[in-house]
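Just need the whole structure built from these sequences, with the hints factored in.
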Amino acid sequence: MPKLKTNRGAAKRFKRTANGRFKRTQSHLRHILTKKSSKRKRQLGNPATIHDADVAAVRRMLPN
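Sequential numbering from 0 applies to the sequence shown in numbering that gives the first Met the number 0.
Keep in mind the hints are simulated off the structure, nothing from the lab. We treat Cβ as the ideally placed atom computed from N, Cα and C, and that holds for glycine. A portion of the hints provided could be inaccurate.
Unchecked claim - Here are the simulated DMTMM-like cross-link-like pairs (lysine to aspartate or glutamate), alpha carbons at most 25 Å apart as the crow flies:
| no. | residue 1 | residue 2 |
| --- | --- | --- |
| 1 | Lys11 | Asp53 |
| 2 | Lys14 | Asp51 |
| 3 | Lys11 | Asp51 |
| 4 | Lys4 | Asp51 |
| 5 | Lys2 | Asp53 |
| 6 | Lys22 | Asp51 |
| 7 | Lys4 | Asp53 |
Stated by the list, open to error - Distance ranges between label pairs, derived from CB positions:
| no. | residue 1 | residue 2 | range |
| --- | --- | --- | --- |
| 8 | Arg59 | Leu32 | 32 to 40 Å |
| 9 | Leu43 | Ala9 | 19 to 27 Å |
| 10 | Thr33 | Met0 | 15 to 23 Å |
| 11 | Ala55 | Pro1 | 15 to 23 Å |
| 12 | Gln25 | Met60 | 35 to 43 Å |
| 13 | Asn63 | Lys34 | 34 to 42 Å |
| 14 | Arg12 | Arg39 | 15 to 23 Å |
| 15 | Gly8 | Thr48 | 16 to 24 Å |
| 16 | Ser36 | Thr5 | 18 to 26 Å |
Structure representation (structure tokens):
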């Protein structure tokens with residue numbers, strides 16, 4: 000059986016945590032930052048976890 004290929008786009012977006020969950024970066028922090036409050040920008044910098052409904056799809060894209 001051939002080796003499974005990793006989806007390279009997903010590998011750049013998601014990282015596996017020690018507990019086996021996946022973390023991701025949050026959106027809305029690239030441009031139009033002047034109208035966003037400092038608190039909002041600071042909180043958007045923190046990683047978030049993948050929603051439970053999407054875990055199976057991400058696990059398929061990142062087999063290793």
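Here is how each hint holds up against the structure:
Proposed proximity of Lys11 and Asp53 is supported: the alpha carbons are some 16 Å apart, at most 25 Å. Restraint check for Lys14 and Asp51: the C-alpha separation of about 15 Å stays at or below 25 Å, so the hint holds. This hinted pair checks out: Lys11 and Asp51 have alpha carbons roughly 20 Å apart, not beyond 25 Å. With a C-alpha separation of about 23 Å, the suggested pairing of Lys4 with Asp51 holds against the 25 Å cut-off.
For the suggested pair Lys2 and Asp53, the alpha carbons sit about 23 Å apart, so the restraint of at most 25 Å is met. Taking the CA atoms of Lys22 and Asp51, the gap is near 12 Å; set against the 25 Å cutoff, the hint holds. Taking the CA atoms of Lys4 and Asp53, the gap is near 19 Å; set against the 25 Å cutoff, the hint holds. A hinted range of 32 to 40 Å for the beta carbons of Arg59 and Leu32 is consistent with their spacing of about 34 Å.
Taking the beta carbon of each, Leu43 and Ala9 are about 21 Å apart, inside 19 to 27 Å as hinted. Roughly 53 Å separates the CB atoms of Thr33 and Met0, a value that falls outside the hinted 15 to 23 Å. Separation of Ala55 from Pro1 is about 22 Å and conforms to the stated range, judged on CB atoms against 15 to 23 Å. A hinted range of 35 to 43 Å for the beta carbons of Gln25 and Met60 is inconsistent with their spacing of about 19 Å.
Under the hint 34 to 42 Å, the C-beta atoms of Asn63 and Lys34, about 41 Å apart, fit the expected range. Take Arg12 and Arg39: their Cβ atoms lie about 21 Å apart, and the range 15 to 23 Å holds. The given range of 16 to 24 Å is respected by Gly8 and Thr48, whose C-beta atoms sit roughly 19 Å from each other. Roughly 37 Å separates the CB atoms of Ser36 and Thr5, a value that falls outside the hinted 18 to 26 Å.
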